[in-house]
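Participant: Listed here are the chains, written in short residue letters.
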Amino acid sequence: MTAVLSAPVLTTEPADEPPIPPARRRVPYLLLLPGLLWLAVFFVVPLLTLVSTSLQTGSLEEGYALTFNWSIYGHVWTTYGSQLLRSLVYAGSATVLALVIGYPLAYAIALKAGRWRNLMLILVVAPFFTSFLLRTLAWKIVLADDGWVVGALQSVGLLSDTGRLLATPAAVVLGLTYNFLPFMVLPLYASLEKMDPLLLEAAGDLHATPMTAFRTVTWPLSLPGVVAGTLLTFIPAAGDFVNVQFLGTPNSQMIGNVIESRFLTVLDYPAAAALSITVMVGVMLLVLAYVRRVGARELL
Amino acid sequence: MPERARGEHGPRDLRLVGLRKAFGSAVAVDDLSLTVPAGSFFALLGPSGCGKTTTLRMVAGLETPTAGQVLLGDEDITARRPYERPVNTVFQSYALFPHLSVEENVAFGLRRRGRKNVQGVVAEMLAMVELAGFGRRRPGQLSGGQQQRVAVARALINEPEVLLLDEPLGALDLKLRRQMQLELKRIQTEVGSTFVHVTHDQEEAMTMADTIAVMNSGLVEQLGSPRELYERPATRYVANFLGQSNCLDGSVVGIQGDETLVEVHGVRLLVPGRLGSPGAAASFGVRPEKALALPWDPALPADAAGRDAALRNAVPGTVTDVSFTGLSTQYVVRTAWGQELGVFTQNAGGEAPLQRGDAVVVAWRPEHTFPLAPSTTAPPGGEPDAPALGPAVPPTMAPLGS
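If you read the protein sequences in the order shown, they are chains A and B.
Once you know that position 162 of the first sequence is 162 in the numbering used here, the rest is easy, because the numbers rise by one and skip nothing.
Once you know that position 318 of the second sequence is 318 in the numbering used here, the rest is easy, because the numbers rise by one and skip nothing.
Don't read these hints as lab results, they were simulated from the structure.
As the structure is a prediction and not an experimental result, all values here were calculated from the model.
Mixed in with the good hints, there may be bad ones.
[What the hints assert, rightly or not] If you anchor each label on the Cβ, the simulated ranges turn out as follows: (1) B:GLY49 x A:GLY114: 21 to 27 Å; (2) A:LEU36 x B:GLY114: 38 to 44 Å; (3) B:SER93 x A:ILE20: 36 to 42 Å; (4) A:TYR290 x B:PRO11: 33 to 39 Å; (5) A:VAL149 x B:SER93: 54 to 60 Å; (6) A:VAL27 x B:ASN347: 56 to 62 Å; (7) A:LEU30 x B:ARG138: 32 to 38 Å; (8) B:THR66 x A:ALA190: 32 to 38 Å; (9) B:GLY18 x A:ILE101: 53 to 59 Å; (10) A:PRO104 x B:LEU176: 41 to 47 Å; (11) B:ARG138 x A:ILE20: 31 to 37 Å; (12) A:LEU85 x B:ARG81: 46 to 52 Å; (13) A:ALA190 x B:ASN347: 56 to 62 Å; (14) A:ILE101 x B:ARG81: 28 to 34 Å.
Glycine is no exception: its CB is placed at the ideal position from the N, C-alpha and C atoms.
In isolation and in its complexed conformation, chain B is listed as follows:
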């Protein structure tokens, strides 16, 4: 059995090249290529059924790809059996061995590779996941959070080049999940292995990962740091899967310097970058917390609402819903053409809140606008397990801008 190779090779990137997996006629993963830099905390984010778990299982060797390669550095490990890969997995349901003590569970991988005198290492590992003193118990005698940490220890003790985490926090309650998120991040920093984390929870992905790949229908929609994905989502799907967005569709009027002027139902708005020649269709979005709702007298032109000169984009409308969440006030504004836009106003105090029925302009800076590629996939409007980034919003707002 090949000994774990980190020492021999130095840190190696995990590379997926043209990876594809079909179950019969159903394509779970479609021509996926990406590189996970050595030592990074990488998240595969997407709704259930998007192919993320299948991708993970192909890296672990538990599924055989229909086509494509899994590489560590330049070494092709596609054909290696799971037990021959320097990769270990933390399973969603932990899959702890019920007939073995916690110690024996953690020591399992080392024993299989013929290591003797494992007590010391096991004790160290249990201490790292804060389970010192639990070694003699059976998994059934532990709480969910403790079992989860045993599963992490059992995988990490093998010093894998890549640790795969398959929705590892899914079974935990919210408070424990938050705690374990920070814990896992700490452990990853400590051991320096590459972590590949599969999750459908965008907040979890953003909290923990250096790099996130948003997957949808077997494809990677966008890859980047949490901040990049949030500030510059490339597609409507990403814009709505990570947090919420107001998405607008219009046509290009012309290029003005570095910005494109786009007309949306008669309202002219500026979008950074060059979106195309005049007449071309253009889509873009803005985050609800980047927009302001300003009181406005409909007798005056929209431009006349008193506002900061930088807020050059403005869409008139009527407030149709107001909800106060403590942290912020969330408004739904209906535009003249019937689209509902969300506006989150931070509760800094001072301003008198708007009322339902008030005429407003929704205004934002052009530089906060992000152009959207025409999405090939449906927006995740009805996705039940895509939690909102902010506090709960009224259901009318769920598919913002759709």
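The shape of chain A in the complex, shown without the other chains:
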């Protein structure tokens, strides 16, 4: 949205410049037009519809009427609070895990991979060449009770003989981590790759041990990537319902599963709409707070 607001600035010239012909002054607006139309048709209108749906009462048989039933928000909050919280916890865990796995990976690709860099980047995005559903289904097989992962964990004693991975919260978090890892790695790579390696030499020259150099130079300079990567992982993970469906259990549902069943199975449209808006606003507030705290200088 800020792009829309600042667009006229593009054409603002110092006073002593010759005036820009009107035809050329229109160019920025023309460039923005397709995107704005797209946003209007596929985001703004559906969003308004969603808000209006959430405030309607009635039933499928008798039809719905807009009654400004604000109490629905209190209702979904109390009814589905545990699923909301679980979504945040699962998405948060997956984000932390993706950061722990993704940061060293991105660091290695950006600073140590040499001529293997492009190949490694391709490998990072390679999972995208198959469908999201298929990949998650494959995890179901990997984590199955008679699969080799469970067998191996049982044989080293990390899992009891009756212990399982499938249909556990761990499986859901692992699935989320796997599915959104590239969204973490790519922004991290981009910010690490931009860093001048000479800065690390300079830090070493100025009496910083390699660990201190990482803490005082590499980490702060990669923060924009950390912020972007965590957001790109957390936001879709918080709304995901596929991983729970395949890898979790019905009693460990995330908010995405609730919305899905409200909309498609129970046909309780107002509650589903109110939940969607609650999630959207909630995630937006969390993101704003996070960006303010961590990445204020780099992003705002």
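Dock chain B against the given chain A, drawing on the hints supplied.
Facilitator: What follows is chain B alone, placed relative to chain A:
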């Protein structure tokens, strides 16, 4: 971490012993040994790719030598990690931390060594490099010259025993570079640390350094004060890398007292010192500004041109190019055997300038002649980044005497 040691040890010389660095099969630095006296301003001068930056990086600990040692006094620091050395570097591209303020950049080294309450020292250091009041800015908000001074302050605040400067002025424009040369010299005198300055700019090296080591292909060609190197270059390479020279090749005729008589294409010239037994090959040179071009009637012998008795060396020739630069007039004189000699005449006024085609003798004092060791390396004729000492000369003169 070892605390900086100047107090414990007193000033210590930086010594490189048999230092060698090979990258695969490419030898960047080859068996380099030299001593940089404590407190001196030392320049490593050479064209790009001569190994000077690699040498510097080995002193800083950023490259590990293939062989040899880096010593401070008698202490071997070859194996020490960069952050454990009492050595700091001003990098060519400054490498300032973009996410830290100028103050925090300057305080970086002190903080790493656990110093508290650094504000006072930082402010002092910023004042010394004339950047008081810039402390809160980010490096990106400073000009190139200001960034350069932050880089100097950031290194110097650690009171290094040796400050390494890697082409620190390369990114600045000419005027700023001149100013910073004097500035750095002033700072060095003020703090008394040993400065090792890597540059390809011979004028910069001569302006700033007490001692210059001219490097070529991983070896030191010659080491000495700027004046020694200029007045007595030992090799053809040095003679042409620092300023310009007319280099002549001949064979020894005989020794006359302290001088050697050398015949060059039939012309007999005197060179100070004993260059070898009769028949031996001998090379020598003379600076263009030490030579005079005197009008001469070719019907007379070369000796007959009216000239000062001290100008005992004379080579006849024809003026082929004249260029007036304001400060001087620069002549190119072609000898009978086709070699082009340069002669720079100071514009003192009075004398009528010579014209193209005039017959002249190029004459100079034997004591201004310097013998040249047979150079093991090619002369830097095609070196693009070796600027001439004097004003620009016509391209025909670039590889004088070659």
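Participant: Evaluate each hint against the coordinates.
Facilitator: Comparing the hints with the structure gives:
Roughly 22 Å separates the CB atoms of B:GLY49 and A:GLY114, a value that falls within the hinted 21 to 27 Å. With their beta carbons about 56 Å apart, A:LEU36 and B:GLY114 fall outside the hinted range of 38 to 44 Å. For B:SER93 paired with A:ILE20, a C-beta distance near 38 Å keeps the hint of 36 to 42 Å intact. With their beta carbons about 53 Å apart, A:TYR290 and B:PRO11 fall outside the hinted range of 33 to 39 Å.
Separation of A:VAL149 from B:SER93 is about 49 Å and departs from the stated range, judged on CB atoms against 54 to 60 Å. Under the hint 56 to 62 Å, the C-beta atoms of A:VAL27 and B:ASN347, about 59 Å apart, fit the expected range. The given range of 32 to 38 Å is respected by A:LEU30 and B:ARG138, whose C-beta atoms sit roughly 36 Å from each other. At about 36 Å, the CB distance of B:THR66 to A:ALA190 agrees with the hint of 32 to 38 Å.
A hinted range of 53 to 59 Å is violated for the C-beta pair B:GLY18 and A:ILE101, which are about 47 Å apart. The given range of 41 to 47 Å is respected by A:PRO104 and B:LEU176, whose C-beta atoms sit roughly 42 Å from each other. Checked against the hint of 31 to 37 Å, the pair B:ARG138 and A:ILE20 passes, with Cβ atoms roughly 33 Å apart. Between A:LEU85 and B:ARG81 the C-beta distance comes to about 48 Å, which sits within the given range of 46 to 52 Å.
Between A:ALA190 and B:ASN347, the C-beta spacing of about 60 Å keeps the proposed range 56 to 62 Å intact. Checking the proposed 28 to 34 Å range against A:ILE101 and B:ARG81 shows it holds: the Cβ atoms sit about 29 Å from each other.
Hint compliance for this structure: hints 2, 4, 5 and 9 are broken, all remaining hints hold.
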